[in-house]
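Number of protein chains: 2
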Amino acid sequence: LDKYAFVDHFVQKNALPHKEMASAFAKTNIALVKYWGKRNRELNLPVTSSLSVSLPVGTYTTLTIGENGSDEVFVSGKKVDTESVFYKRTTSFLDLFRPKNFFFTVETKNDLPTGAGLASSASGFAALVLALQKLFNWSLDKKALSMLARLGSGSSARSLYDGFAIWHKGSQENGLDSFAEKIDATWPELRMGLWILSEDEKKIDSKNAMIQTTQTSFLYKAWPEQVANDLEKMHEAIQNSDFTLLGTTAEHNALSMHATMLSSAPSICYFLPESIRGIQKIHDIRKQGYEVYCTMDAGPNIKVLFLEKDRMAIQNEIPELMVLEPFRQGSDEINYAE
Amino acid sequence: LDKYAFVDHFVQKNALPHKEMASAFAKTNIALVKYWGKRNRELNLPVTSSLSVSLPVGTYTTLTIGENGSDEVFVSGKKVDTESVFYKRTTSFLDLFRPKNFFFTVETKNDLPTGAGLASSASGFAALVLALQKLFNWSLDKKALSMLARLGSGSSARSLYDGFAIWHKGSQENGLDSFAEKIDATWPELRMGLWILSEDEKKIDSKNAMIQTTQTSFLYKAWPEQVANDLEKMHEAIQNSDFTLLGTTAEHNALSMHATMLSSAPSICYFLPESIRGIQKIHDIRKQGYEVYCTMDAGPNIKVLFLEKDRMAIQNEIPELMVLEPFRQGSDEINYAE
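Protein chains in written order, with this note's numbering: chain A, 6 to 343; chain B, 6 to 343.
Take these hints with a grain of salt, some might be off.
Pairs involving identical chains hold if they fit within one copy or between any two copies, as the list cannot separate such chains.
Straight-line alpha carbon distances no greater than 25 Å define the calculated DMTMM-like cross-link-like pairs of lysine to aspartate or glutamate that follow [to be verified]:
no., residue 1, residue 2
1, LYS105, GLU72
2, LYS212, ASP289
3, LYS208, GLU322
4, LYS139, GLU25
5, LYS208, GLU279
6, LYS148, ASP7
7, LYS207, GLU279
8, LYS292, ASP210
9, LYS208, ASP289
10, LYS292, GLU204
11, LYS207, ASP289
12, LYS18, GLU47
13, LYS292, GLU279
Think of the hints as simulated: they come from the structure by calculation, not from any bench.
Input sequences plus hints: build the corresponding full structure.
Structure, rendered in structure tokens:
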């Protein structure tokens, strides 16, 4: 089964009528239990389930039916080179849904810098799928949309939702049971601080890093068992608003994911010297008695987890922190703003 | 079976006559396939076998029969506090061999700084056992001595030998098949550069770090399988003088050991920011076409593996490197110098 046949389960490519233009916004999500490793690359099926929280920042995308004989892609108003990875990844995703002789103009902008492990591809493909749904008047539910977004970037399945979301790994080979859904819980006091240590592009993208890890790391063999354990703890932490359990589990999970990379051959290390200093700083603040934990994705930057009551102390220690409120009032509606 | 009963297999504690004084030297060894995790703490039995190369630096120890009612320990001529970990570890090791009403004066000096992952406890306990053998006129072979040294510090079993050595994990519960032996091979061109990034004492000693790893890391479950694989490759590399295989295997093994620590809960990170910068530097030099690899023990410092032909280039890139020649002519005899 290939991507094209998978998409045929959900939409007809010759579907008309369509709008001339549609816009959508999708949130960035940060995994608290990480996605690392694919069991099927064509359909982007993961080895494990993963669990995230969405942030009130993300990607805004406008799709317009183009008149030219090719797609045009703009990021922050700047035309993207047709030879770039970004252009190719965007347009080959659009190919999955493209009616004959259709071309698109894609205008997109991110709140956060791209390529630095800040999940812009997750919100990017989710926004693109939401814009496609409007453009072609689909009436797919979020579960279906999450499976379509998954084909662009696995973690974008979780970006369809506000708050906590889980992406089920599924077990079928056809990929129809690997979708994301919302976890029904709120946690108004939860804070996520973004500590941007480098905005440089990564040396190895997460897709290739995953392949290298799954193919060469012995330690990776034990990763699915850890994820299963961490997911159980994370559900418990969310249901009971147990921040200590949430923080320790998220930090253990993230550093273990980086451990699987470090144990690859050759080794993959997303840590910069500043990352090590940052993790040490988090641990030092924790020793002072503030509950603060970190998580890291496939990049050098640190995401800092804490509760509103400790915000002042933590911002005092890390003045460059960009503090986001995952459950901020009103951030639910922004998803459908046009 | 406890340590005392184990020692009774080899020596009699009331053995007389004895000398009044004896000195010995033992070499530092650096594992190319690491020892990480015990299956039996009392007898210091490891989860896996390990393989090392000895260096022409180490520990000099002189034992004298003391007149006082307690042991005295001197490091580099300075008397060690009786409340210190070093004093307690040394004297409780001597307890295993102490005839009734016997007290020792221990004078020891290391070529390398202690406690910074530079294996001074390995050469230390090996030198102590060699000195005890002379003092009490034992006539144990190195295999037996390696098992006695193991009770003080696991990796000291390998410090009884010059060149390459393997410490067999053994499988018996009585610990009598967990010994080290020499690997019959020389490699005159092999170089080990010590890159000392910090001489600070470690925050967590390797004994406790091992316990924390084996008890809390999921990824550690896959470690024994990796070690078995790496040992096979390392034997092949040594027999064929295949430096690429030796270097890639040593680096993969060491970074995977650190990965098991990183995946502990709480996480154990011996990397300093400088360590990350150092590993990156090694990788950059390799990209220039020089065959250079790193290994790291339970500390922040880096050991650099290369061949004599690339020595100038590598010393040029890392001027602070202390270059040692494991198979230097004459370094075989130093072991018995008095």
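Hints and how they fare:
| no. | hint | in the structure |
| --- | --- | --- |
| 1 | LYS105 / GLU72 | within (13 Å within a copy, 98 Å between copies) |
| 2 | LYS212 / ASP289 | between (33 Å within a copy, 23 Å between copies) |
| 3 | LYS208 / GLU322 | between (30 Å within a copy, 22 Å between copies) |
| 4 | LYS139 / GLU25 | within (10 Å within a copy, 93 Å between copies) |
| 5 | LYS208 / GLU279 | both (16 Å within a copy, 19 Å between copies) |
| 6 | LYS148 / ASP7 | within (20 Å within a copy, 60 Å between copies) |
| 7 | LYS207 / GLU279 | both (15 Å within a copy, 20 Å between copies) |
| 8 | LYS292 / ASP210 | between (34 Å within a copy, 19 Å between copies) |
| 9 | LYS208 / ASP289 | between (29 Å within a copy, 13 Å between copies) |
| 10 | LYS292 / GLU204 | between (29 Å within a copy, 24 Å between copies) |
| 11 | LYS207 / ASP289 | between (28 Å within a copy, 16 Å between copies) |
| 12 | LYS18 / GLU47 | within (20 Å within a copy, 69 Å between copies) |
| 13 | LYS292 / GLU279 | both (20 Å within a copy, 23 Å between copies) |
When held up to the earlier numbered hints, the structure conflicts with none and fits them all.
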